[in-house]
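S.K.: The task is simple: from the sequences and hints, build the whole structure.
In this text, residue positions in the sequence shown follow our numbering: the first is 1, and each later residue adds one.
Read the hints as simulated data drawn from the structure, not as lab findings.
Because the structure is a prediction, the values reported are computed rather than measured.
Honestly, I wouldn't trust all of these hints.
[As the list claims (entries may be wrong)] Mimicking DSS-like on lysine-lysine, the simulated pairs with C-alpha atoms at most 25 Å apart in a straight line are:
hint: 1; residue 1: Lys396; residue 2: Lys342
hint: 2; residue 1: Lys98; residue 2: Lys142
hint: 3; residue 1: Lys96; residue 2: Lys342
hint: 4; residue 1: Lys96; residue 2: Lys142
hint: 5; residue 1: Lys396; residue 2: Lys98
hint: 6; residue 1: Lys275; residue 2: Lys342
[As the list claims (entries may be wrong)] Distance ranges between label pairs, derived from CB positions:
hint: 7; residue 1: Ala240; residue 2: Arg151; range: 28 to 34 Å
hint: 8; residue 1: Ile350; residue 2: Phe243; range: 39 to 45 Å
hint: 9; residue 1: Ile217; residue 2: Ala147; range: 48 to 54 Å
In this text, a Cβ means the ideal position worked out from N, Cα and C, and glycines have one as well.
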Amino acid sequence: MIKIAEPDTKDTAQHWHQHPIFELAFRPFFLLAAFSSALSLALWIMLLNGHNLIGFSGLSPQVWHAHEMLVGFGTTVAVGFILTAVQTWTGQPSIKGKALAGLVLLWCFARIAFYINTAESAILASVLQGLWWLAVVVIYSKLVFAAQNRRNYIFIALLSVMGLINLAILACDLLANTALALHLTRAMVLLFTIMMALVGGRVIPFFTVRGAQTAAIECPVWINRLVGPLAIATTAAFIASYFVNTYQLVPLSLMLLGLFHLLRLAYWRSINTLKVPLLWSLHISYLLMALGLIALGASYYLTPLSFSNALHIITIGAIGLMIFAMMSRVSLGHTGRTLIIKPIISIAFILLVAATLIRTFLPLADALLAWNLSAGLWIITSLIFLTVYLPILSSKRQS
Numbered sequence: 001m002i003k004i005a006e007p008d009t010k011d012t013a014q015h016w017h018q019h020p021i022f023e024l025a026f027r028p029f030f031l032l033a034a035f036s037s038a039l040s041l042a043l044w045i046m047l048l049n050g051h052n053l054i055g056f057s058g059l060s061p062q063v064w065h066a067h068e069m070l071v072g073f074g075t076t077v078a079v080g081f082i083l084t085a086v087q088t089w090t091g092q093p094s095i096k097g098k099a100l101a102g103l104v105l106l107w108c109f110a111r112i113a114f115y116i117n118t119a120e121s122a123i124l125a126s127v128l129q130g131l132w133w134l135a136v137v138v139i140y141s142k143l144v145f146a147a148q149n150r151r152n153y154i155f156i157a158l159l160s161v162m163g164l165i166n167l168a169i170l171a172c173d174l175l176a177n178t179a180l181a182l183h184l185t186r187a188m189v190l191l192f193t194i195m196m197a198l199v200g201g202r203v204i205p206f207f208t209v210r211g212a213q214t215a216a217i218e219c220p221v222w223i224n225r226l227v228g229p230l231a232i233a234t235t236a237a238f239i240a241s242y243f244v245n246t247y248q249l250v251p252l253s254l255m256l257l258g259l260f261h262l263l264r265l266a267y268w269r270s271i272n273t274l275k276v277p278l279l280w281s282l283h284i285s286y287l288l289m290a291l292g293l294i295a296l297g298a299s300y301y302l303t304p305l306s307f308s309n310a311l312h313i314i315t316i317g318a319i320g321l322m323i324f325a326m327m328s329r330v331s332l333g334h335t336g337r338t339l340i341i342k343p344i345i346s347i348a349f350i351l352l353v354a355a356t357l358i359r360t361f362l363p364l365a366d367a368l369l370a371w372n373l374s375a376g377l378w379i380i381t382s383l384i385f386l387t388v389y390l391p392i393l394s395s396k397r398q399s
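M.R.: Right under this line is the structure:
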């Protein structure tokens, strides 16, 4: 599951679609996601400081910001990873070459249309985004069905639900129901925690045993079996809470889910990873996911703790850190390089943790300063990643 085979490219007389960048999906989508997150945040911060460089008749500003970070960044990386990993999971060749270039082009046209953000371009962007999701689900489903790889059928459901909620967000906002659109963006964050629990639960213990050379990690089976259904039920209850009174179910289930993640993490020997940045970054991201879920639940009862501030513990500290950590690892391992990152990447991880703390707590004193600083740290992190990994992801796999 972990090692992703990537074909060697030995033919020197290559066509454009045989360039290493199109060998597997993680290469272009990791780079594009990092770049788009930096650009989107820069545009968002300029807007918050009174300088609007995007259209204003398409998506509303808050929905635009949430959408471009969750979809333009988050799901783009997730899809890049999944469409790469599925090759190893199934033994079937995944998308590459011209087909991958077409999928990338579809993504790029959607982003451009979202950046223009007029009423017409937002509709076009939504259609293109929907086509991108459809292509992703069809490509993935075809591979796992052909191999009867039942263990990974769950990603068909997860990708499909994320795609449908994405389209629902866009439709609601374009139909002037911004409140529901924002509610669904928050549900999308909870869907990411399900993916983190699923993927992280598989790979973090495995990576820890190998990278930190610890004894086998044995988390009680009942915890692993309970976390997934509880996360799904919590997300469903949260979505339903917009339409019906769920009473205390949502905050209590959020806090309970966070506690179960903490309990799960307690078995993973996090203390042994402190000297390995590619490991402690994953452990801290999982910790911040658990704490973020608890904070979300607590925000229903504690007035000083806003839901938005608590949510950014997850979006920056959990999703952001885990994504950059996984991209750093995958980009080395699956291009044939040693799993040792440059010191500046460790600094980038630390910057994201700092951005999380600033975005969560500084708004209590100065909201605009908090937004500016945390966004600035994210942008720096993205630029560091691009500087280090652009040469790696655009060159041939090392033998």
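S.K.: For this structure, which hints from the list above don't hold up?
M.R.: 3 and 9
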